[in-house]
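**Q** These protein sequences, in sequence, are chains W and F. For the first sequence, the working numbering begins at 1 and goes up steadily by one. For the second sequence, the working numbering begins at 1001 and goes up steadily by one.
There's no promise every hint is true.
[Unchecked claim] Here's a subset of chain W near chain F, in silico, CB distances under 8 Å, partners left out:
id, residue
1, His18
2, Leu42
3, Tyr49
4, Tyr50
5, Arg189
6, Asp193
7, Ser232
8, Gly233
Worth flagging that the hints you see were computed from the coordinates, not collected in a lab. C-beta atoms are modelled at their ideal positions from N, C-alpha and C, and glycine is treated no differently.
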Amino acid sequence: MSLATPLKNLDRELARFHGRLKVGAAFVALLAIALLARAYYLQIVQHEYYIQRAESNRISRVPTAPNRGLILDRNGRILAENYSAYTLELTRAQTENLEATLADVGKLIEITPGQLRRFRRLLAESHEFETVPLKSRLTDEEVAVLAANRYRLPGVEVKARLFRNYQAGPGMAHVLGFIGRINDGDLKRLREDGREQNYKGSAYIGKTGLEQSYETLLHGRTGFDQMETDASGRAVRMLSRIPPVPGRDLRLHLDVELQAVAEHAFGDYLGGLVALDPNTGGVLALVSKPGFDPNLFVDGIDPETWKSLNESPERPMVNRVLRGIYPPGSTIKPFMALAGLELGLRKPADSIVDPGFYSLPNSRHQFRDWKRGGHGVVDLRRSISQSCDVYYYRLAVDMGIDRMHDTLAQFGLGEKTGIDLEGESSGLLPSREWKQRRFKQPWYPGETVIAGIGQGYQLTTPLQLATATAMLANGGKRIEPRLVQAVRDPLAHTWQPQPGGVRGQMAIAPANLAVVRQGLVDVMRPGGTASRAAAGAPYTIAGKTGTAQVVGIKQGARYEASRLSRQFRDHALFIAYAPAENPTIVVAVMVENGGHGGSTAAPIARAVFDYYLTGKRPGEMKLEVESAAD
Amino acid sequence: MPRISHWIVRRLSHLDGILLTLVLVLLGISLAVVASASGQSPARISGHLINIGLALGVMVVMANVPPHLLSRVGPPLFVAGVVLLIGVALFGEVRNGARRWLNLGFVAFQPSELLKLALPLMLAWYFQRNEAVLRARHFLVGGVLLLVPFLLILRQPDLGTAMMLGASGFYLLFFAGLPWKVILGGATLGAASLPVVWGLMHDYQQRRVLTLLDPMSDPLGAGYHTIQSTIAIGSGGLFGKGWTQGTQSQLDFIPERTTDFIFAVFGEEFGYVGAILLVVLYLAIVARGLVIAARAPTLFGRLMAATLSLNLFTYAFVNMGMVSGILPVVGVPLPLMSYGGTALITLLLGVGIMMSVATHRQLMTR
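Chain F extracted, bound-state conformation (with noise of 0.2 Å):
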């Protein structure tokens, strides 16, 4: 017996203990905010705490997983997810007139959820490997790997997670040290390009961004969930209308409100103060990750957590900007907020990788 015991302890000495605690904070919101917004079914509260418990357990195992083993898996998992990526071009399911999923027989599933991991893993172990002899070719190397999965998601088309994953792929090459000259030039040119592209573009597609861009000119349509739960929020006001107390949350106003449109219900019942709350406390997890990637004694480890740091806040941003108006809708849901198990369970796997670089301190063996 004292031997499980000790065994136990070994395992969750792995968390790290602010993350865990800013990590079980959020989720408590969660659970409440869900409880709200799904009025009080048993259901889906049970649901999400099934979803939690499981996510909590892959981090734990991930705590436990030592870097130097996790990188390994970075090259056959980004092998495997850009071969079914390409599998899904060629015999993908279409749905919604987009071509995403593979259908397995038994599941259907979108590869392009493998790389989001997969591909900060796959960069982190190739700028690791090169640590010592890094120049200008690696990254040119690195650029190529991002942008195969990058360009095969967004012919899919997916524009919003080819940019979710864009996203993190240049965080990884940001902090490999890709030459300020590089990013400028690159943004300069993508700048640039923007009138060409949108000349490219077909009416619809056009008409698209725009009704993107502006909800309010399709109030029926595509801008009737973003005015929705902006008027949600705004009648939040400062300290909100109270738990399971907003009317715009419970009266059905706002679609997908326990998933991706969480924070309108939020934001409706807890006002600004909860707001800032919210945006404080991924704040923090940020700043511990970033603590964690300061310290880390490896390479990967050091691109892995500030890489998943900043991804989980580009994540939070996305959600609450569309939710709130200023960015276009896309199916990005909210961080440790949102009711769902494969992106829960995801979030939580990085933040497992993040702690098992806290409390691997050896240096990686070769």
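Chain W on its own, in the form it takes in the complex (with noise of 0.2 Å):
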């Protein structure tokens, strides 16, 4: 026993606190392991992942907007082009008051209602930190002003862009169209196909017409500046440099002073014309009337304008040469003479006694001729000049929907032709299997009849019959139109040719063409339907008229155009081409209650084929187009 208080064995202790201390030194050797191992799979083994995390934070790719191509007619005049000017920009989130912001710039200068209106209709589409144009082409006086007052209006920014011009009016927008803002649905799009990347720090794109159909030639490539910045987004320093790569121009078929003259023609009336080259296909004139001022749409237009455009009875957005349907009427004769011949149901000379109506066996209806009494003995040549639609009644009975249908399609009617334009219809060829299809009713015998003179189910685009006539110009050979002649890299300065689409080849006996194109030619002949449009014409023209009804007209009951208030009358059809030898230009028109082809639609034509081939200009007509310096 010793004391009360056993003293501890000091040296016992000393050894259980060396132990204690080899226990510590153990722990702090395993947390060093632990942070080791973590840092070696950091630095180590995941190196290659974190690398990448750093350099996507520090480096920002900042776009740089290629300028867009141009476009030029085929003599070079500039149609659409880009121009710098300066607008004044508001960014919602920067402004301290909206609406007083609004107010003080409004004092400053003058703000339009429709500049207001399309200010608001952007800001609605748009976020609330992008920069909305309120006035864009600002004078210069007008940026001194805003210059000098910036400090005061936090948000508003005058900035330069470069701009859309369309200088060659209204005429030209159907086959320009326009470029817009991008919106949402573009940006889908855009997505969609991959293409969204370039389009960083684009604002713009085309909407619709070559603008649209050619926009990725037009637009270029986005260049890249890669931007080193800092956690709050300042760029610090340039990395490198993509530059942008500029958009193609295009040279285009058309030629702006022919397409001036052939809107001159058109008058008063509305409806559309085009003009092809029928050996390359070039479109050298597309007219499509009214038009509009394609300008109102690069900045976003104001909603009233838009309005009134879309609601005009007159659809001016309506390009009539590719979407407008009608029937082909009596244009489609030299076409169902040419099936005649081909499929052999006719001969050139077989004639027929034209009493002036038709009617099928065991029936009482009569199917008349638009010449009362008829126009007495009709061969095939004379079908075609006095249009006699009784020779054709018989002609598509004989034939047959089946083979009128297979026969016709050859042509491409029916059927889009591949303009390089977008919307284009396809019109209507209809046949005993699409009646089916389409109504789940048979074909009857008097439904072809009508369609041996173009009428009842065949709906045609201008663009389509001109294609067709095409054929007959060129000896069968399908086209497909272009707009489109040559493309320029800018910075190659070279033009590379755009060839033309070709759809195959239809085999035609020349003797047969021959006979049918004689028969066109007639048609411009003192006696034929259309000689007063061909008057004094130092070339040859070869054309045929038609009329596509508007409203039907009873039996029994006679079409008396005086009667008729305009807006009901007949669309006048004509299709040509010239010198009737050897054709250099197809021309398909459609006058809109123009009554019948011959007095007002080959006028037309014939206004096109004077500046065409001889270079005449109705004299008072003016046009002021500059000219690009190539």
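Starting from two chains that each stand alone, build the complex the way the hints lay out.
**A** As structure tokens, then:
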């Protein structure tokens, strides 16, 4: 027994302490290993991943939008160009009070109600942090006034921007189309096509016309500046630069003067005209009246103007050449005649006696000729030059709807032509099978009869009529119309020709074609339905008139143009080519409510031929288009 | 004159050469990294130099205080600290949702800082005092002495500081000979009670814990710091991007990069090689500290040297662990590396005590 409180054995205590020190050291070693293992994982194993994370943290790509390509006519006249101008832009998120800011700006420079409406519409469509244009094309004084007052207008900026300008006027709107601000739909499409990156930094995209169909060429390639940025997004320095590649310039087949001549020739009439080179398919003129000012759309159109354009009964936004669909009427006859010859159903000399009407066997219904009392003895040439309906009633019945469909289809009727514009209508070439599918009804024999003169279900666009007519002019080559003739890389400065498309060659016996073509020449000769339009021409025209009915005429009633108000008058049609011996131009004209093709549509084609073949232009016509330096 | 130089030599003779070398190397690295992280700001660098000078001065002073004098400071310091903590609980100032600060009119400070040193001193003093008759009840008293400030800090709430304080108190008890069965039993009990504690927590507290455990679940909020610092460290690779060449560091992606997140800058610019060097330096300090503890003539000295060594490494581990994304983000600076006077002075004060233990070999007078 020792004392009440036993003293500890100090040596043993010390040994135990040393043991504890070792445990402590082991514990520390364990922690150190854990740290180094973690560092090894981050810095060695995952190094590649983290270096990329660090790079994407620090590097930001700042896009530089490319300059959009120009559009020139065949002679190098500028139709669509870019110019630099100052715009007044607002960022809502940066303004303290939007209304107050707008009021202040309004005191400094003039802001029209239209501009204000457009601004509000754009504002509603965009993010709070996006800059929205309020007024573009500022004058120098306006820029100066705004610059002087900028300090008290937070969120208001004056920026130099490139603008698109269409100086050729409303007549070219349906060809050129226009660009507009990229909207959600455009963005979605770009994303789906994987083209979104190329539009970083671009606010505009082609919406219609050539601007739309050649968007990829016109737009160019967006450049990118690689900037080093800090955590707050501020650029510290430039690391590298990929310069933007400007868009390609387009040179058209179209002659802007020919276009103007054609437009002028319409006078007060509305309608559409297309002129093609029958050998290349090049579009020499494409008029759809009325036009509109495409410049209205570039910065976003204000709602009122849009409404008035969209709701106008004249429908200025519809391209009648591509989208207007009309019964071909008598313009179908030369194609029917050629089909009859090719199918062996008719010989050129086969004649009929036309009593002025046609009836199907065992039917009392009379299909009347447009000429009361008939044309008398009619052979194939006369059937074209006189536009004899009864000849074609009979031919249609002999041919039957199926063979009619198959043969006319070879001319491209009822099918899109493949022009380099979007939104084309395909029209309609009816068949037994189509009617069953569409209406679940059998084909009636009477429908075949009227199909022979281009009435009934048939619908064609003026463009289809033009390409079909081109086949008569060029010997059966089915061309795809092309507006663009050549494309230029603005850096290479050389024009790359864009070959036109050919859909195929129709086998036509030359003798058969010659007879039909003779019939078309007869149309323009004294005694033909359009002879007056050809009077005095120093070249030979081959053409065919037609009328597309707007309202149905009752059995037994007479169509009298003079008694109908203008909007119910028939549409006048005319297809033609010239010179007849060696055609270099094909024209299809549709004049809305123009009545007979011979009197309203044919003179328009004549004016186009005159200018194209002889350089003659209407005396009072003026044209001011700036010429581009090539 | 010779007397003065003689006096200086005697004062400096209390410095431990190995510890001094390691500390100076670390402070040199720290200076370089703070310079880089601050964008070589003269204000930051000179501020850091002043802090280093002050802290080294404190270290020299502490090295010259004999352990037996130091041990007497323990109880009053501890009592003062606990009183101040109670004061905080009653009159403390709320900042960032926690009642941690005591405003004394002329200065606002956190009494919990005081406890970081006062608690080990108090416990070491207590065990030294009862060295000869150490029994289970002394550990019980030691545990109570630990729990009082721990709980007071925990309910401020300041989980990070409470845990660090708890760790240092535990180390001391451990080195004093806390029986293994108590340690293991306590660990088992703690693990078993975790689900219960979890169940008692509020939804927002649970969410906060989850975010702490998985910072990637909140990349723009609480996780932002950790994500950016792991990117910095990982992108450093084997050799690092080079001094002042770290893009994460230089382009402001790392928050608090001269203070709590300085290891991210270091890891990015000096790579894995640098990280190994840094850990080895800390290990060397710990090793030296443990050697000092092993050789110390008194229980007070042994406990203080061992506890302060492990404590320093724990700070380093918690800091590097949080910056490299394996531990929750708590406000703990990296010892001897982070910019900041208070932490540096506290640390070198501890190193000074270790040096004092190393150089005062005579037995403690009672």
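**Q** For each hint, tell me whether it holds in the structure or not.
**A** Now for the hints, and whether the structure bears them out:
1. This hint holds: histidine 18 of chain W has a C-beta 6 Å from the nearest C-beta of chain F, less than the 8 Å allowed.
2. Among the interface hints, the one on leucine 42 of chain W holds; its C-beta lies about 4 Å from the nearest C-beta in chain F, closer than the 8 Å criterion.
3. A distance limit of 8 Å between C-beta atoms decides the matter here; for tyrosine 49 of chain W the minimum to chain F is near 7 Å, and the interface restraint holds.
4. Evaluation of the tyrosine 50 of chain W hint against chain F yields a held restraint, the C-beta minimum of about 3 Å falling below 8 Å.
5. The interface hint given for arginine 189 of chain W is broken, as the beta carbon of that residue sits about 31 Å from the closest beta carbon of chain F, more than 8 Å.
6. Nearest Cβ of chain F to the Cβ of aspartate 193 of chain W: about 31 Å, over the 8 Å cut. The hint is violated.
7. Nearest Cβ of chain F to the Cβ of serine 232 of chain W: about 7 Å, under the 8 Å cut. The hint holds.
8. Hint status for glycine 233 of chain W: violated, given a least beta-carbon distance of 10 Å to chain F, over 8 Å.
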